[in-house]
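Put together the whole structure using the sequences plus the hints.
Number of protein chains: 6
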Amino acid sequence: MKNKNISTFIACEAAYDEADIVLFGIPFDGTTSFRPGTRFAMQAIRPDSYGLETYSPYLQRDLEDTRVFDGGEVELPFGNTEKAMQEILDYTRQVVADGKKFMMVGGEHLVSLPTIQAAYEKYPNLHVIHLDAHTDLRQEFLGEELSHATVIRRCHDFLGDGRIFQFGIRSGTKEEFDWAKEHTHLEPFTATTLQETIEKLRDVPVYITIDLDVLDPSIFPGTGTPEPGGWTYRELMEAIQSFQSLNHIVAADVVELSPQYDVSGGSTAVACKTIREMLLTLAK
Amino acid sequence: MKNKNISTFIACEAAYDEADIVLFGIPFDGTTSFRPGTRFAMQAIRPDSYGLETYSPYLQRDLEDTRVFDGGEVELPFGNTEKAMQEILDYTRQVVADGKKFMMVGGEHLVSLPTIQAAYEKYPNLHVIHLDAHTDLRQEFLGEELSHATVIRRCHDFLGDGRIFQFGIRSGTKEEFDWAKEHTHLEPFTATTLQETIEKLRDVPVYITIDLDVLDPSIFPGTGTPEPGGWTYRELMEAIQSFQSLNHIVAADVVELSPQYDVSGGSTAVACKTIREMLLTLAK
Amino acid sequence: MKNKNISTFIACEAAYDEADIVLFGIPFDGTTSFRPGTRFAMQAIRPDSYGLETYSPYLQRDLEDTRVFDGGEVELPFGNTEKAMQEILDYTRQVVADGKKFMMVGGEHLVSLPTIQAAYEKYPNLHVIHLDAHTDLRQEFLGEELSHATVIRRCHDFLGDGRIFQFGIRSGTKEEFDWAKEHTHLEPFTATTLQETIEKLRDVPVYITIDLDVLDPSIFPGTGTPEPGGWTYRELMEAIQSFQSLNHIVAADVVELSPQYDVSGGSTAVACKTIREMLLTLAK
Amino acid sequence: MKNKNISTFIACEAAYDEADIVLFGIPFDGTTSFRPGTRFAMQAIRPDSYGLETYSPYLQRDLEDTRVFDGGEVELPFGNTEKAMQEILDYTRQVVADGKKFMMVGGEHLVSLPTIQAAYEKYPNLHVIHLDAHTDLRQEFLGEELSHATVIRRCHDFLGDGRIFQFGIRSGTKEEFDWAKEHTHLEPFTATTLQETIEKLRDVPVYITIDLDVLDPSIFPGTGTPEPGGWTYRELMEAIQSFQSLNHIVAADVVELSPQYDVSGGSTAVACKTIREMLLTLAK
Amino acid sequence: MKNKNISTFIACEAAYDEADIVLFGIPFDGTTSFRPGTRFAMQAIRPDSYGLETYSPYLQRDLEDTRVFDGGEVELPFGNTEKAMQEILDYTRQVVADGKKFMMVGGEHLVSLPTIQAAYEKYPNLHVIHLDAHTDLRQEFLGEELSHATVIRRCHDFLGDGRIFQFGIRSGTKEEFDWAKEHTHLEPFTATTLQETIEKLRDVPVYITIDLDVLDPSIFPGTGTPEPGGWTYRELMEAIQSFQSLNHIVAADVVELSPQYDVSGGSTAVACKTIREMLLTLAK
Amino acid sequence: MKNKNISTFIACEAAYDEADIVLFGIPFDGTTSFRPGTRFAMQAIRPDSYGLETYSPYLQRDLEDTRVFDGGEVELPFGNTEKAMQEILDYTRQVVADGKKFMMVGGEHLVSLPTIQAAYEKYPNLHVIHLDAHTDLRQEFLGEELSHATVIRRCHDFLGDGRIFQFGIRSGTKEEFDWAKEHTHLEPFTATTLQETIEKLRDVPVYITIDLDVLDPSIFPGTGTPEPGGWTYRELMEAIQSFQSLNHIVAADVVELSPQYDVSGGSTAVACKTIREMLLTLAK
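Residue numbers (full-length UniProt numbering), protein chains in the order written: chain A, 1 to 284; chain B, 1 to 284; chain C, 1 to 284; chain D, 1 to 284; chain E, 1 to 284; chain F, 1 to 284.
Careful: at least some of the hints might be erroneous.
According to the in silico footprint, chain E covers these stretches of chain B (three or more CB under 8 Å from chain E) [as the list claims (entries may be wrong)]:
#1 125-133
#2 215-221
#3 257-265
Please keep in mind that the hints were generated in silico from the structure rather than gathered at the bench.
Ideal placement from N, C-alpha and C gives every residue a C-beta, glycine not left out.
Structure below.
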């Protein structure tokens, strides 16, 4: 009775100091051009995670056997994108400096920029696996260089060629698809080359960024920019199972849940289950 | 003009005495721990069933050619689970005693306990085919032995080993999956062993219980505990078509529709179509 | 960064030992006959309370100047009403024994029974002010004596005549209205006799139970059984302001928010503001 | 167990022959220009009527003491307005011929045309009290003479001047307001002249048509064309109480509920309560 | 600043005279028997089309390289089906007379009757490819010959045998399936014979009518009559890609989006993407 | 047929050059801290304005008799508040420079800052009437000086003392209420001093800014931060009628509609009607 009311993702109850993995949310949707709402993702995910079991029959491992600290959500200013990105970068640098792996939950996809950067600063040989419906490779969008539509291009600014592997992409400008041919590995629509990518990245540091709109909108309607023709949940689970062969995953994120666009709660359940599987993957 | 306003599932207009099958609803969701609402299922199903045709192009049979009595919904107390289970048991016993097959529509999955029991009392050699996302094999849940999460375990209490065949299961505790190895036939995720199960059960009395959350939440978002990674509707239809080889189906149920979580009405349509196909299966 | 993710009602950040008032939620809707959902009230209220200011321009006092502990929600079994009532009673007795005032947030109205009982055990001269659309005076409902529709009658069982003062009532059976004439003070529809009631109760221990459906459904649509013709929010605020003359309020509750029936969040805002004003009233 | 599943408005369980009043629904919204949906009104009203009590503390009478037959809904073709109007007229003529009073539930307001006509054929001295937000006095609308926007003008075609009394009107063209000055009694916005109208009509046959959008959209959001600035529910109840002085009410209707625009169910509750009060008024 | 506020489907900005293709909407749902709402389709599609890119990575062509005029929506009377059909026919005849191809967006499926007729008048050898869940081959429905459930039968009235090719059909009466055996090419459930159909129709004038409910309700919940067991979006895209081999597509339509039944916007996104792909197909 | 698809607020069809008033929308909600969505206001308002009549029975004037140009919505960058404010300022300056009055529709309240500034630059003696639930007088909010919560304070930066008149205010920090006592005229809750304010401002240039959350959330649930206890719609109409005595209104705005929080469309109707009345007020 005397404890305060603590709210975490299911089974993520370790103290910070004893944790191997830090889970945190970034409630930012400031550059979302179409329909905002990803700021509410983590707030919906926590209570709904209790509709899951802690045990994964896919990976045959249990979240109860991991040590994850739930750091809540990073507080950010509204209306000032540069300052927000700086605060996310500062937070993530500290987590990395403390020797933790991390699992970030967005927010819009732009918030992966500072978290990938923090991981890159520690692991200069960082490679990125990117699951998404959209290329996110524009040089600028509506006059801004910091945008959900430019985030992977901004990561390329420091990572350079040959480091980014994109799967599931089914929307972008002609220029983006052309640009990708020279600078990233981009497989449109599907993930048939994922297995060979994983072979290649087996022993290098890897960051996995999952824009959940890689899934078909039927599976994941709770997102701002639905793009029909995406993956089934089983296809995503196959990708996650193939990640088990990677020996050096340093961090991951799951972004672009906008829970209010799916009143059934199914999209939030998709996010919860993906986070559970990715936490178990990071904890391996 | 002079008739009262009668409301039935489409084409289920037989009188009780002339009917071969009794269709009835159980508006109970009293042990639902996460999100209640299955009490409203039958109320949504009846009017929406008129969006269907009576003819099934899958089975090439017509509901107009069957004799089904729609018994409405069993009235139950609120807040007293034991009394509610007793009243369902009494009702179903009477239906069985009158020589009818029956089709029950839930309600949460716990309501299958008294209906399976009533069928078992008449057919002691009863076998159960169970389609579900969840194991439902807990010994107790939140301190209660009567719960949607324990229902199949409670059925095992009287049926014993070798009588329960579970398909599509993708969520449960490690303990449940371990327990199942010794006491039930449990196929995780898929239904590849369904065909051989049906061979085995061809001539014994069979009860089929369909928790509609065996379907992926994209197909069936209108449910309390969505669990991603489930079946497509075509996979469920294949299972139903394979049921045509069973020679002694004595009863069936369809449970866990919570219509308010799917404002599109698609989940209610899924329930309606499944009920139509199962009524035609029972009537064969 | 190192703190766990704590979630409270706005400004209710005192530790238990230093607190004057304990705020807690009861996520119970087990006897709700029509439309369930009050179990989700406290979960919606906490984050939305940050849409409020801590300062009340009505009472010209600030929640920051009070010491309230937010005890989260009492965990309860599902489907077993008697056991749930007992656990609420145990919890509340402890709060009262520790010398705290309390503010309970429902849940359906039945949960006021154990909290009023706990207050009564400490203050045998307890009087109850009851704002509601419904009489709640049935002897039993659908065969059960413990029900949202019987709760005030059950309180009368131990409080006796002359202790219960009901306002805003606009729905009930003829029997209930007749019974009230002899056993409670019941003012239908309005609150014109509230002022004289307060005069009378100025120095006795008082418990205030607010069923928010006393408000018109336009003001408070987020409830299971909307009853048109209720109070405006200003009328409720006038009642709360008149409570400032009571010298011995020992506890209060606010019940019957079902947030999912009001997607605008307006009903949750009504509950939050009412809780803020009542906490300031208790803290006086 | 052997009865079919009968569904009625609460307490309207008389057989046709023994009934004094016939309640029936008209699921027609074929000329609705803005947002359709009134076809679903009666289907929502029946189950939700059980959230009411049968006793009215306003009128201090009980629906259990009346004899009302619930005739269900008249089946109509889609897309053919003239044929639909003819079928409603035929149905209502029969009810009137059988010596019954009636209570019709729309549907869009156009459906009052054939029901008022049927009443007029029996009572050539018929007067109409009309509560509405809109004038409904156009000569034609979008090229059609039969429309929700022309219905009262069409009634004037056979009733003539001095028979129609309109209250609450707050929307229309300048031409309609001008026309009303010579042909109807139209009080804009309020009902201050209702009392004197009732004096005047005390002993003549009266039909009362209530377009529920006379209420403010806050009270009644479940309607196709919300018009802010309307009545509170108490103002509507005052009007209904004043109807008690009329000695010869022959029929009434309640139209324009579109339940799907109000997920809270509050608008349906408003319709249910209004129907209960009007049935008690008719039954006097 | 000085231009009026023009609203078009993305990249459909050609003037009428310079356009090759005319895109227009028909906001008609007057014979919809179950749940209306397709009248709102085009209004939802226009703004949401800006969530798409103009470039199709499937067809590797860009809408910016086509010349499409967006003609807005044809204004129609309400409640008079025959007059509405005549006005659509007049409009479409003019478009065809001006030498344009066209892309019509419904509205309910009945609106394809006048547009197919206008195309047929110019191309007497017209063939129709029909993707749908429903046969639409009734002789009459609820007493009316003009209905969403009769539309393809009405087209057969003038096209005759051997001209209509139906795919994806999974709902209809036994009579309709039997009738189809002699008068149309009807493939139930799937599209395995689509390829050979396209071979056959390679050089004749073809009209493609896509009732989006051919898709599974999980992919396309925003429709009035959801019929489970339909196509995935990838299956529809494969059909569209096979259309690229047709040398003489003269017009197409996309019908039966009811956006209000899918609050996620996913169904509207499906309609937008299908329109983009079909415009690129027409423009080839 | 040959015109492009033009979409305006009802009856606002004048060309820019001939217009007296320019109506435009600002789809900005970048500093919204709680629930975003006001960016969608104007997009919802235009089609729903056709549910209104052009004639106001309150003011007895018709919008058809005015000359209003609908300028659509100003395009803005996402995530860069300063740049967005500059672009709004540039746009509004041009409108003012061309000798037009204007009516701006938000967007969050911050967008009133550049439009008030543009009006002030032309009319240095500008006075502001401010209807709102919130003080909006913070010096900064979450570290930012440009915020919906600081907008009136930012206006005071250039307007100075004695120019701002605030009504309906029922939420703010104690500091804000105290600051207002010295720098603005702030009437909490009500508008009893509005009449005398209007006397005082009869002949000076006045800008009227209406944050629609001054209305009670029952009347206007479609807003990000509902604050119970607000005005009825009739109270707002009385304020608007009193504005008719002002001789020099130079501009007005209506802000903070978030249409997605009110699926009934009632809030959008409130915004439409308020815009119509204010356009008629500006046009006087």
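(request) Sort out which numbered hints this structure fails and list those numbers smallest first. (result) 1
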